[in-house]
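Participant: Sequence:
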Amino acid sequence: MLKVVVADPKTGKTYQVEIKESAARKLFGLRIGDRFEGALVDLPGYELQITGGTDRDGFPMRPDLPGPGHARVLLSGGPGYRPKRKGERRRKRVHGCVVAEDIRQLNVKVVKYGEKGLEELVKPKEKRE
0 MLKVVVADPK
10 TGKTYQVEIK
20 ESAARKLFGL
30 RIGDRFEGAL
40 VDLPGYELQI
50 TGGTDRDGFP
60 MRPDLPGPGH
70 ARVLLSGGPG
80 YRPKRKGERR
90 RKRVHGCVVA
100 EDIRQLNVKV
110 VKYGEKGLEE
120 LVKPKEKRE
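Oh and the sequence shown: position 97 is 96 in numbering that gives the first Met the number 0, straight run, nothing missing.
Don't take every hint at face value.
Computed cross-link-like contacts, DSBU-like style, restricted to lysine-lysine with a CA-CA straight-line distance of at most 35 Å [to be verified]:
1. 108 <-> 2
2. 111 <-> 9
3. 85 <-> 19
4. 2 <-> 12
5. 19 <-> 83
6. 108 <-> 83
In short, the hints are calculated from the structure, not lab data.
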């Protein structure tokens with residue numbers, strides 16, 4: 000299961016959608032910054048852009064690290080590390096910018112809106128009736 004966290008820039012709200020492995024496979028190979036059709040995550044008419052994510056071990060994706068694997072890199076800030084003091088750097092393990100099989104959460108934002116509202120499409124099936 001892949002969890003997709005959809006951010007709505009207009010309202011500032013986020014919505015969590017779970018998709019199956021068959022739909023998740025279509026996202027493999029995409030990079031941070033790439034756009035895809037919202038129909039893959041049950042949001043027809045929407046266009047979404049990948050902004051980040053985390054893998055099965057909790058390591059964040061870095062947009063400046065190429066490839067789908069892990070690496071230990073020296074960080075001074077940004078995704079994966081928050082320095083306590085000015086100028087502090089640490090070597091941290093992070094995931095590359097490519098969506099792979101080990102990604103468990105994918106963060107996306109809405110770029111193009113569809114006809115129906117996000118709340119209508121994301122509501123649990125019991126509440127739709």
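Participant: Now tell me if each hint is right for this structure.
Facilitator: Consistency of the hints with the structure:
A threshold of 35 Å between alpha carbons decides the hint, and for residue 108 with residue 2 the separation of about 14 Å falls inside it, so the pair holds. The hinted pair formed by residue 111 and residue 9 meets the criterion: a straight-line CA distance of about 11 Å does not exceed 35 Å. Restraint check for residue 85 and residue 19: the C-alpha separation of about 43 Å exceeds 35 Å, so the hint is violated. For a cut-off of 35 Å, the pair hint linking residue 2 to residue 12 stands: about 16 Å separates their Cα positions.
This hinted pair does not check out: residue 19 and residue 83 have alpha carbons roughly 39 Å apart, beyond 35 Å. Using a Cα cut-off of 35 Å, the hinted pair residue 108 and residue 83 holds, with the two alpha carbons roughly 29 Å apart.
Comparing the model with each numbered hint stated earlier shows that hints 3, 5 do not hold.
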